Amino acid sequence: MNTLEKRKVCLLGATGVGKTSLVMRFVRSIFSDQYLTTIGTKIETKHLTYGDHELVLVLWDLSGEDEFQRVRLSYLRGAAGYLLVADGTRRATVETAIALHHVAAEVVGDVPRVLVLNKADLRAFWELDDAYERELTARFSVFEASAKTGAGVEEAFRALGHALLQR
Amino acid sequence: MSARLRARARRREHDYTLDDLRPFLVKPEQERLKSLEHKLETPEALAEAIGEVLPQAAVASQKRGEELSSAMQPLMLSSIHETVRKNPELFADAIFPSIGPAVRKAARAALEGLLQRVDDMVQQTMTLESLRWRIEAARTGRPFVEVVMLHNLAYRVEHVFLVHRESGLVLQHVAAENVAAEDPDQVSAMLAAIDDFARDAFREEKEAGLSRFCVGGLTGVVEHGPRAMLVAIVRGVATKDVEASLAETLEQIHRTYAAPLEQFKGDVATFEPTRDALVGCMREERIQKPKSRRRGTLALAAIAVLALVGAGIGWKVVHDRNARFDAYLEALGEEPGLTVTRTGRDGGRRFVEGLGDPLAQDPAALLAPHGLRASDVELRFKPVYSLDPPLTERRAFQVLRPPPDVSLRLAGGTLVAAGVAERAWIDRARLLATSLPGVTALDDTRLFEAEAITSARAAAATLEGLQISFPPGSASPLLAERARLDAAARAVQALLDAAPRGGLSARIEIVGHADATGTPEKYQHLSEERASSVAAELDARGVASDRLSVRGVGEADLAARKVTFHVRLSPASEGS
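Here the protein sequences line up with chains A and B, keeping their order.
Going by the numbering used here, the first residue of the first sequence is number 1, and it counts up by one from there.
Going by the numbering used here, the first residue of the second sequence is number 1001, and it counts up by one from there.
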């Protein structure tokens, strides 16, 4: 018998890591990007199927974190998991992602999350050394993805969705 | 010594005080007093004692009057007040499921009255106005239903969302018919986000939330509960009824789904049964319009227009029917054998009177081609013989029944018959033709006897089978040939008699032959003489010689001292 589950999931990352463009082609959205800069979030949905289970991820794409704006913490409330996005070519964005992870963990607790390193198509220009990458892999489920080619995004969603269904 | 004295003497003897005696006298009472004292002076004991009797005391006090409740009231009030001040959420959660029903019970009676009026109003407004709305719908390009709704509905609930408060996830969603529903999960999450946003932005306290928002003709009404919220999207001006129904439904859902709401992780199937409750929130209310003078005028104008249109249509119907009838009469007039003498109406039904030849077209058969029904017109035709040439011709055919090879036509009173028929038919036709009304003479000059043709052909064959023999060198037939000459004369006569009656012309050649004795000129001359000799013999037997031609063929046919006959029959028109 088919079952339908829904989960709230937040997308978190520094400004300019390509968070929105990364997920754009994998999700369905009826709202414009303007909401990101006005009320600070934009809602998208992602439908996943695991055998007989259908999972709807209601994605709260939160506007990027930088020195001018902060993620609105109340938007994290009720999230079952989150997806951290960073830009592999800028190490600072990875650190912002980790900082956001800590903030989110305080609000929603220890919930499933994945770290997506964007711009896999520019792997040669990444600012992450092997040791750092190993450290990240030890702490997170890390996915290398490319907004340009779309590679890796679906896998990241599926992994997060799978983890959410296990809980 | 008296008894009293004896007693006094004994007391002195032992010197006992009253206190010494009291234990013996009132010990049980003392113990009870001590116990009472303990109960009164020790708070725990006193509380226990009062606790035992308090319910009965309260009941007894109530029986006496309001004294106790009056006394308790300030205490209770301050206690409740303190509780609410210290922990408002606890108090709100506790009374949330029960406060609504009480409020709504009073409102319901008023609402029922209103609904009744709305029903009445709907019945009245769906007449003339609907015509106006159709025009409006055509003019504005909006669906008719939407126009009706805009005019008739004060409001209509188009969507109801049951939303998990913490995550903003949709637990259940229902939408009105014909209403496009965007992704409810996204809409609901966005609403939750806006709710959060509004609270954060204006630093409003936690319990308050977005309760009502308007976008164009839509109003969002939000009812918050401890674990879930209900959001209704309403077209038009939502009344308090909507909020009341949302509140009631939300309370009921909180009562029924307390545990699933608290432990909600994302399994929305649990909330499938709430659909009916949400459908119950899909309310709508119609507008009651005051009857205005303008509306009365409009109604009159509409009636006038309708009357004009009706009159126009009626006139057109009558006019069309008249036109059809006139055309029908004209057709009757043109039809041979029919004469219309009078037309008119009889008890509202049209009639046509006239004279009709039984062989003429049936007047009733002409009704349908002119768009009239048999029931529209009463036909009164009297049978007559018509002298119209087509009818006379038709009658001649009917009476004479000509064979297939005979044609009949009328030319100015004369019936012209042409073709080949048997003698008996020809005789009958000659007898009957002029007795037919409209026929004054029969022209049978081109009417021929089938039997005459047969006779002519037989005579021709007989004649061609005869030959007259001659002695060598002589142009006089042998005497023995006389019988043959007689037969030839009879055949020629029969042929000449029969051929004209059969429409034929006959050419008879008498051909003379000679054998090859002497010179060719001699043969030729002899053959011609022989032919002429036979012609003279026939003439002598009374045959008109002008119908015969004579020819000699010399020695063409060797050793033939004879005369033969050659007949050519041809249709008379081709002949001389």
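Possibly wrong hints are sitting among the right ones.
Here are some chain A residues pointing at chain B (derived, C-beta under 10 Å) [said to hold, decoys possible]:
1. L4
2. T41
3. A79
4. F140
5. S141
6. V142
7. E144
8. K148
Reference excerpt, derived from the structure (chain B facing chain A, CB under 10 Å, subset only) [unchecked claim]:
9. G1168
10. D1183
11. S1188
12. M1190
13. D1196
14. F1197
15. P1260
16. E1262
17. D1267
I should point out that these hints are in silico values taken from the structure, not numbers from a laboratory.
Every value quoted in this text rests on a predicted model; they were computed, and no experiment measured them.
We put the beta carbon where it would ideally sit given N, CA and C, even for glycine.
Hints, verified against the model:
Taking 10 Å as the C-beta cut-off, the interface hint given for L4 (chain A) holds, the closest approach to chain B being about 6 Å. At a threshold of 10 Å, the smallest CB-CB gap from T41 (chain A) to chain B is about 5 Å, leaving the interface hint in force. The closest approach between the C-beta of A79 (chain A) and any C-beta of chain B is roughly 7 Å, which is under the 10 Å cut-off, so the hint is satisfied. Interface hint status for F140 (chain A): violated, as the beta-carbon distance to the closest one in chain B is roughly 22 Å, over 10 Å.
Interface restraint check for S141 (chain A): the shortest CB-CB distance to chain B comes to about 20 Å, outside 10 Å, so the restraint is violated. Proximity of V142 (chain A) to chain B is violated relative to the hint, the smallest CB-CB distance being about 25 Å (cut-off 10 Å). Nearest Cβ of chain B to the Cβ of E144 (chain A): about 28 Å, over the 10 Å cut. The hint is violated. Look at K148 (chain A): its Cβ only gets to about 26 Å from chain B, farther than 10 Å, so that hint breaks.
A distance limit of 10 Å between C-beta atoms decides the matter here; for G1168 (chain B) the minimum to chain A is near 6 Å, and the interface restraint holds. Because the beta carbon of D1183 (chain B) sits about 6 Å from the nearest beta carbon in chain A, less than 10 Å, this interface hint is met. Given hint, S1188 (chain B) at the interface with chain A, holds; its Cβ is 8 Å from that chain's nearest Cβ, closer than 10 Å. Checking M1190 (chain B) against chain A by beta carbon gives a least distance of about 5 Å; that is within 10 Å, so the hint holds.
The restraint placing D1196 (chain B) at the interface with chain A holds, with a minimum CB-CB distance near 4 Å, inside the 10 Å limit. The beta carbon of F1197 (chain B) is positioned within 10 Å of a beta carbon in chain A (closest approach about 5 Å), and the interface hint is therefore held. Because the closest C-beta pair between P1260 (chain B) and chain A is about 14 Å apart, greater than 10 Å, the hint is violated. Contact between E1262 (chain B) and chain A, as hinted, is not supported at the beta carbon level, the nearest pair being about 13 Å apart and thus beyond 10 Å.
For D1267 (chain B), the suggested interface contact is upheld, since its CB lies about 6 Å from the closest CB of chain A, less than 10 Å.
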